[in-house]
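Given the coordinates of chain G, assemble chain B onto it according to the supplied hints.
Chains G and B are the protein sequences, given in the same order. In short: position in the first sequence from 1, add 34, done, that's the working numbering. In short: position in the second sequence from 1, add 2, done, that's the working numbering.
There could be a bad hint or two in this list.
Computed far set for chain G versus chain B, every beta-carbon distance over 10 Å [stated by the list, open to error]:
no., residue
1, Pro52
2, Ser101
3, Asp105
4, Thr145
5, Ser185
6, Ala197
With a cut-off of at most 25 Å between alpha-carbon atoms, the simulated PhoX-like pairs for lysine-lysine come out as follows [to be verified]:
no., chain 1, residue 1, chain 2, residue 2
7, B, Lys153, G, Lys50
8, B, Lys252, B, Lys187
9, B, Lys206, G, Lys50
10, G, Lys71, G, Lys163
11, G, Lys108, G, Lys192
12, B, Lys252, G, Lys163
13, G, Lys50, B, Lys120
14, B, Lys120, B, Lys36
15, G, Lys50, G, Lys39
16, B, Lys187, B, Lys349
17, B, Lys237, B, Lys299
18, G, Lys50, G, Lys110
19, G, Lys50, B, Lys187
20, B, Lys395, B, Lys383
21, B, Lys349, G, Lys71
22, B, Lys153, B, Lys75
23, B, Lys51, B, Lys120
24, G, Lys163, G, Lys192
Honestly, the hints are just simulated from the structure, not real lab data. Cβ coordinates follow ideal geometry from the N, Cα and C atoms, glycine included.
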Amino acid sequence: MLAEKYAQEIQAILNKYPPEERRAAVMPLIYLAQRDKMYVNREDMAEIGAILGISASEVASIVGFYSLYYDQPKGKYHIQVCTDLPCALRGAEQFMEALCKRLNIQPGETTSDGLITVEPVMCLAACDKAPMFQMQSGAGLQYFERQTVESALALIEKLRADAARRFKTPLERGREGYGS
Amino acid sequence: MVHNETVLLRHREIPDLDNLAVYRREGGFQALEKAVTQMQPGEVTEVVKASGLRGRGGAGFPTGVKWSFVDNKNWPHYVVANADESEPGTFKDRDIMEGNPYQFLEGVAICAYAVQAKAAYIYLRGEFWELAARLDQHIAALEAAGLLGEKMFGAAYSLHISTHLGAGAYICGEETALLESIEGKMGQPRLRPPFPPSVGLFGKPTVVNNVETLTNLPPILTRGAEWYRSIGTEKSPGVKVFSLSGCVTKPGNYELPLGTTFRELIFGHGGGIPAGRSIKAIMAAGASSSLIIANEKALDTPMDYENVPSLGAQLGSASVIVIDDSVSIPWLINKTMHFFRHESCGKCTPCREGTFWMSHITERMARQAAISGLPDAQDVKLLYDVANQVRGKCLCALGEFSIEAVTSGIERFAADFKLAAGESQTAVGG
Chain G
35 MLAEKYAQEI
45 QAILNKYPPE
55 ERRAAVMPLI
65 YLAQRDKMYV
75 NREDMAEIGA
85 ILGISASEVA
95 SIVGFYSLYY
105 DQPKGKYHIQ
115 VCTDLPCALR
125 GAEQFMEALC
135 KRLNIQPGET
145 TSDGLITVEP
155 VMCLAACDKA
165 PMFQMQSGAG
175 LQYFERQTVE
185 SALALIEKLR
195 ADAARRFKTP
205 LERGREGYGS
Chain B
3 MVHNETVLLR
13 HREIPDLDNL
23 AVYRREGGFQ
33 ALEKAVTQMQ
43 PGEVTEVVKA
53 SGLRGRGGAG
63 FPTGVKWSFV
73 DNKNWPHYVV
83 ANADESEPGT
93 FKDRDIMEGN
103 PYQFLEGVAI
113 CAYAVQAKAA
123 YIYLRGEFWE
133 LAARLDQHIA
143 ALEAAGLLGE
153 KMFGAAYSLH
163 ISTHLGAGAY
173 ICGEETALLE
183 SIEGKMGQPR
193 LRPPFPPSVG
203 LFGKPTVVNN
213 VETLTNLPPI
223 LTRGAEWYRS
233 IGTEKSPGVK
243 VFSLSGCVTK
253 PGNYELPLGT
263 TFRELIFGHG
273 GGIPAGRSIK
283 AIMAAGASSS
293 LIIANEKALD
303 TPMDYENVPS
313 LGAQLGSASV
323 IVIDDSVSIP
333 WLINKTMHFF
343 RHESCGKCTP
353 CREGTFWMSH
363 ITERMARQAA
373 ISGLPDAQDV
383 KLLYDVANQV
393 RGKCLCALGE
403 FSIEAVTSGI
413 ERFAADFKLA
423 AGESQTAVGG
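Pulled out of the complex, with its shape left as it was, chain G reads as follows (with noise of 0.2 Å):
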């Protein structure tokens, strides 16, 4: 249960909006229920809903809604390859399919190891910066600019290996340094 696991964070997203409008707090809550497992189930949905004094298919409008909340589990870590006009421009398209090439993966798919999913994005306002990718884990998000395939595989091959030893990745220890 997120109120059990996560009692002082949640009063902390409640006081930044005002008392009568505990609504404003869904988005915070969803990312909270999606830190451990990268998704949101059912039980969470009922449960924000029910902190918050709202349905949980109201809840689950926002989960829909937005492109960056999942209701189904993917790769553990989900990079997103930015391939819009101004990345496209500078080889971004052939930068993600020369990465899944040498993943085994189409574009969407996840590596057989369930570690990895990879895919397109739109605009993450790095266009100066191309190719770039965004990766989302249940710890957060962290943009990875100036890439290339070579640069990408080397971050994979030391994401495998922290999961292997169970280590911290290098996106939990930075969320470590942020104090949060």
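This is chain B only, laid out in the frame that chain G set:
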């Protein structure tokens, strides 16, 4: 007057400007202190009005005038910083918030004081997750230093600033969709009027300003409206951060006076077009742009709110995407249309259905063009017809701007669509 000082991207010249002590050493928070301890809220608005500052998010609306519309019979008031930065080709606000965060936060506080808001929200796109965490730390540092929070500078005024993360929806850059999103709803634009200064966040009067707009406020207050007006042009005063991307040697953000020419930005600062290629088109406002034919006249046109329209285009947020002669326009409009189809919020029919069907056609055209070099003439006509039926019928600018590259591309780059020069208006337009 030659302007050669940095006003917004000061972190390029001052190391560690994201450290509060460094920012204060450089004169930081003197403007906010002056406002809160020496000026009436209305006086702050008058200075901003006199400076001629116009909104940097794209619309170019005079900032001080917008503030003066806030309804003083309905309280509380809110201020919202629009940090949703999602237009393809725009990456300036992130640069400002990462490098010079305290000047931005000081600007938020000045705006909040001017309209007497006690709460301000910074709405960041969800992808700026790390940046939001850093801003939270900066806000905490300000509260610890007594520069934000209760009874600021010993005066009666109190302000709290919070960040709110979006979750991947371009439409939330539209100010009423953004307000819906903070309220915990799907990010879909509201019918206007009423505009946010009358009915905004939680139904209360609200000022929504872009990050770059707000970051201009501290120097305007410290140095005065006349100083600000000495930079830029008469109708477009001040500096602008131009995001330069695409087929150019040195892409990046360049802070320049408004009224700088395309030529100076692209060839002077951006290093020009990669060797062996030549410039074909310019998109001045990201994916929402009309395509400008990059001839000598266009290159010598000043980039400001009054001159770019003479090229049949808009300055928007000044995200300049350079297109060279290796790029086919059918491929390009397929990219932009795919974007708008994906980002349409689905609320109004012309945009939802229009972008869906237009992207079907542009995909087929791009495939055909890849095979035979040119798209099918019937498809070009159909696309042009659909685009013109979308025009003027959408609830917000997303739908309206989705057709700009399509119609201007077909009209101005006829050769890429197998149309003889001059044929586009009559044969295609029907």
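To see whether the hints hold, each was checked on the structure:
Non-interface status of G:Pro52 relative to chain B is broken: a Cβ of that chain comes within 10 Å, the nearest being about 6 Å off. Remark: the non-interface label on G:Ser101 conflicts with the geometry, its nearest Cβ contact in chain B lying 4 Å away (cut-off 10 Å). Every CB of chain B is more than 10 Å from the CB of G:Asp105 (nearest about 13 Å), matching its label as outside the interface. G:Thr145, annotated as away from the interface, keeps every beta carbon of chain B farther than 10 Å; the closest lies near 22 Å.
Annotated as non-interface, G:Ser185 keeps its C-beta farther than 10 Å from every C-beta of chain B; the closest such distance is 19 Å. With 10 Å as the threshold on Cβ separation, the claim that G:Ala197 sits away from chain B holds: the shortest Cβ distance comes to roughly 21 Å. Among the hinted pairs, B:Lys153 with G:Lys50 is consistent with the structure: their alpha-carbon atoms are about 19 Å apart, no more than 25 Å. Note on B:Lys252 and B:Lys187: the hinted pairing is violated, with a Cα-Cα distance of about 40 Å set against a maximum of 25 Å.
Between B:Lys206 and G:Lys50, the direct Cα distance comes to roughly 17 Å. Compliance with the 25 Å bound is thereby established for this hinted pair. Straight-line distance between C-alpha atoms of G:Lys71 and G:Lys163 comes to about 30 Å, which puts the hinted pair past the 25 Å bound. Note on G:Lys108 and G:Lys192: the hinted pairing holds, with a Cα-Cα distance of about 19 Å set against a maximum of 25 Å. Between B:Lys252 and G:Lys163, the direct Cα distance comes to roughly 10 Å. Compliance with the 25 Å bound is thereby established for this hinted pair.
Pair hint G:Lys50 plus B:Lys120 holds up; C-alpha atoms about 12 Å apart against a cutoff of 25 Å. Restraint check for B:Lys120 and B:Lys36: satisfied, since their Cα atoms lie roughly 18 Å apart, inside the 25 Å limit. Of the supplied pair hints, the one linking G:Lys50 and G:Lys39 holds, its CA atoms being roughly 20 Å apart against a limit of 25 Å. At roughly 13 Å between alpha-carbon atoms, B:Lys187 and B:Lys349 fall within 25 Å of each other, so this suggested pair holds.
Our distance criterion of 25 Å between C-alpha atoms is met by B:Lys237 and B:Lys299, whose separation comes to about 21 Å. For the hint pairing G:Lys50 with G:Lys110, the CA-to-CA distance comes to about 30 Å; that exceeds 25 Å, so the pair is violated. At most 25 Å may separate the alpha-carbon atoms for a hinted pair to count; G:Lys50 and B:Lys187 meet this at roughly 16 Å. The hinted pair formed by B:Lys395 and B:Lys383 meets the criterion: a straight-line CA distance of about 20 Å does not exceed 25 Å.
The hinted pair formed by B:Lys349 and G:Lys71 fails the criterion: a straight-line CA distance of about 31 Å is larger than 25 Å. Taking the CA atoms of B:Lys153 and B:Lys75, the gap is near 23 Å; set against the 25 Å cutoff, the hint holds. At most 25 Å may separate the alpha-carbon atoms for a hinted pair to count; B:Lys51 and B:Lys120 meet this at roughly 22 Å. Of the supplied pair hints, the one linking G:Lys163 and G:Lys192 holds, its CA atoms being roughly 22 Å apart against a limit of 25 Å.
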